[in-house]
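There are 2 protein chains.
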Amino acid sequence: MNKQQNILIIGAGLCGSLLALRLGQRGYNVSVYEMRPDLRKVDISAGRSINLAFSDRGNKAMKLVGIEDKVKALCIPMNGRMIHDKEGHTFLSNYSGRDHEYINSISRGGLNALLLDEAEKHKNVSIYFNKKCKSVDFKKTTALFKDYETKSEFIEDADVIIATDGAGSAMRKSYYLAKKFLFSFSQDYLTHGYKELSILPTKTGDYKTYKNALHIWPRGRFMLIALPNLDGSFTVTLFLSYNEGAYNFNNLTTPEIVSEFFQKEFPDALQLMPNLIEDFFNNPTAALGTVKCSPWHYKGNTLLMGDSAHAIVPFYGQGMNASFEDVVEFDAVLDQGLENWEAVFKTYEATRKRDTDAIADLAIDNFHEMKDHVANPIFQKKRKLEMALEENFPDEYSSKYSLVTFNEDINYHEAMTRGRAQDKAILNMIADRDISSTFDMTKEELKIILEKVKTETQEILEEGKIIGLKNC
Amino acid sequence: MNKQQNILIIGAGLCGSLLALRLGQRGYNVSVYEMRPDLRKVDISAGRSINLAFSDRGNKAMKLVGIEDKVKALCIPMNGRMIHDKEGHTFLSNYSGRDHEYINSISRGGLNALLLDEAEKHKNVSIYFNKKCKSVDFKKTTALFKDYETKSEFIEDADVIIATDGAGSAMRKSYYLAKKFLFSFSQDYLTHGYKELSILPTKTGDYKTYKNALHIWPRGRFMLIALPNLDGSFTVTLFLSYNEGAYNFNNLTTPEIVSEFFQKEFPDALQLMPNLIEDFFNNPTAALGTVKCSPWHYKGNTLLMGDSAHAIVPFYGQGMNASFEDVVEFDAVLDQGLENWEAVFKTYEATRKRDTDAIADLAIDNFHEMKDHVANPIFQKKRKLEMALEENFPDEYSSKYSLVTFNEDINYHEAMTRGRAQDKAILNMIADRDISSTFDMTKEELKIILEKVKTETQEILEEGKIIGLKNC
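If you read the protein sequences in the order shown, they are chains A and B. Heads up, my numbering is the position in the first sequence plus 675, with the first residue counted as 1. Heads up, my numbering is the position in the second sequence plus 675, with the first residue counted as 1.
Among the hints, a few may not be true.
Where chains are identical, the list cannot tell them apart; a pair therefore holds if satisfied intra-copy or between any two copies.
Said to hold, decoys possible - Here are the simulated DSSO-like cross-link-like pairs (lysine-lysine), alpha carbons at most 30 Å apart as the crow flies:
no. : residue 1 : residue 2
1   : K854      : K870
2   : K809      : K854
3   : K848      : K809
4   : K870      : K855
5   : K1099     : K883
6   : K974      : K878
7   : K1028     : K761
8   : K854      : K821
9   : K1122     : K814
10  : K967      : K870
11  : K807      : K796
12  : K738      : K1028
13  : K855      : K807
14  : K745      : K878
15  : K747      : K886
16  : K1127     : K854
17  : K1021     : K870
Because the hints were derived from the structure by calculation, they are not lab data.
Could you build the full structure based on these sequences and the hints that come with them?
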């Protein structure tokens, strides 16, 4: 395909700026239009997803564009989940039994700024800010923008338009409203919303609690989590129902009731958050939704990528990683030398859709796991066993969490299928008392369990394949 | 609640006209606005769903409004599926082992006309035609209409608005576009579309093939079906992929290729359809979609009902029956004497949503069953066994099909859960050769199998309940 072609990217968020960088490296003429101001010049953090979990799939993309080391400097490793109970007791549950497997907390703004800087180094890449996409004419391959500075509207024509304009994508809305093709689409909201709060650094700039973990206060129907920032603070997020339960976002309306709620449910966190009330009433409450759709592309003209194609809830820490992986997968399809953009878009979607559907479902599962199951003894037993298996047989066992998070060469769908089967196998074995306790288990005893888990998993996977008639 | 209140119903299709009739009977002031002309005065059949399957859930609604006998006169009983293979061999697979359990073919137009007539007998019910709803302001409880006769637009104010305006609902679109509350919504299209064709009566007005069956020509990736009409004709529907396989809607573009396709795949049907080519090119190809959404209501102001809330694919013959059952369930909630409309809408949706989600999923399953599995020997063995069980133990066994279709007092969700577990139990037993052949089985032998099926089903159901941790 002709590299002189003009590619228009809508949105210069994490996915759009990475895509611009990669397509710039490949030599395309790239124009990016972003509705917000340049975040490198204006402070536009608005109390929403200040930091994010960054892991191996995201890192694979950073390697692709050659900025792995620069990104590493922005990362704070988190080796596991630090669980806080109501009495303030804590225990650390590692993400993996292998030392080199951990996730990272990273600043959204810092990473986005880096990607923009890198993209703009290419003279064939131009980025325009304060230009809001209002709609896309996907038959003509044109996009209508409003310039927030001049207040005027203008139309941009391109050879190809790729929309990376997030969960509220204007192009996806144009697909839906135009009714020019059969567009399957879903938006699903959880009954819970979220609000960002903070634990500020000590006066000397230190972390007030353990730095290298993702902190969780699981309370069954709701939870609090905290991720560290480079400046010594933590960004804290409260996940809570809008209108169910004794305390919910609809009735947490006064400082007194908010304090009461935290005092009762998260007393140790409250101690670290003298600024709670201010944060609580200054920061917005936001919704948690999953978006799926299909097709992502219209012929060879337009393509949805990143959150615009597959927005997911944040509970697997995979939202950004999945969007970065989109660019890796798209890049691999470009390497195939297909005859035209339509073939590229089709090939990309044919395998990628299955994987982004999988991570969307896994993220919903993990919502329940984090707020509830991590505090369950059976679940804890399972995690301990998995850690022991990973530690003792690093080349033979990976938990579902590891498959999803640390095995970037296994696709999400495969990770989900195998991971779920393993979970079922282990939980069945625990329920049947085939596994009593992992304390003081010898390596030989663990080996026997490993083989049993493998056999059981295989059986479950094979039963799954016979489904055929079973659902009818 | 005050019966002097004005209820505005959008859409006078099957659900809207039944709802108007029932609310009229209850004494409310009801105004119905329908975008199409009055189908009792103008012939508006457009080659789309001329007849429908009518069964026990729908009939329960007819009993509620006291028109069971009038509806019966419009019905043609269909006792089972008549399967046609490529060589023109046929065999009948009954819907139930109990003689009084069968479904009916009914004319959409005839039934709708009856419901309109009955509704209009109430002087507190007014029906207006040629008035197209463009949008609903659900905060103000007003609806904007376009009058197709005068070409003018007007706004109607009401105490309550209930939208029964079908899969393309204007009110649902207003919910989606207004973004005033968290509206979960999905539209999912199948890769297959459908086209209606016909088998005309003989010159003497007789049926050209067996009258009392739903005819199916299952071909794995596509199928043809036919339902009888009172005038001796059959309405035939071709379900076929838009663009996959050797023959599809995108490449069936000439009379020659259409004839070739039917000659090859449906030779016995083709013989009965000298009018095939004319039908094929005159009638539209339509899409098959599932719509789910939530919430259906906005406070006590507005409510979605029928296809506008839950459009489903036609393969379980339950679309109309589910919409009629909506009215029965809504009526039962009205009987509870709740304090206001918001409480009524909430209570109604709280149980009904789970059931309409279930029938939506069952309908998708049945697509695969009809086009594919009915021709599979294992499936046929299963159906034979189920018929024998129903025949010999009429009070002890009901297949999933019976639970869904003939057990109007078991809700869809329960029917799905129990039915799927039974299917799994029986198919497992057949796979494990626990059941060799039902030929010449004694009642005692059947009884043993029945008990086994019951035990297995119970185990599967209980395993399902432990899911808890298993999906995480």
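Here is how each hint holds up against the structure:
1. K854 with K870: Between copies only: 20 Å across, 36 Å inside.
2. K809 with K854: For K809 and K854, both the intra-copy (17 Å) and inter-copy (16 Å) Cα distances are at most 30 Å.
3. K848 with K809: Answer is both; intra-copy 9 Å and inter-copy 19 Å each pass.
4. K870 with K855: Between copies only: 19 Å across chains, 38 Å inside a chain, cut-off 30 Å.
5. K1099 with K883: neither (38 Å within a copy, 54 Å between copies)
6. K974 with K878: neither (57 Å within a copy, 49 Å between copies)
7. K1028 with K761: neither (41 Å within a copy, 36 Å between copies)
8. K854 with K821: both (24 Å within a copy, 21 Å between copies)
9. K1122 with K814: The answer is neither: 59 Å in one copy and 64 Å across copies each exceed 30 Å.
10. K967 with K870: Both: 24 Å inside a copy, 28 Å across copies.
11. K807 with K796: within (24 Å within a copy, 55 Å between copies)
12. K738 with K1028: within (23 Å within a copy, 47 Å between copies)
13. K855 with K807: Answer is both; intra-copy 24 Å and inter-copy 21 Å each pass.
14. K745 with K878: within (29 Å within a copy, 83 Å between copies)
15. K747 with K886: Answer is within: at 16 Å inside a copy they meet the 30 Å cutoff, but 73 Å across does not.
16. K1127 with K854: neither (52 Å within a copy, 51 Å between copies)
17. K1021 with K870: For K1021 and K870, the Cα distance is within 30 Å only across copies (27 Å; inside one copy 38 Å).
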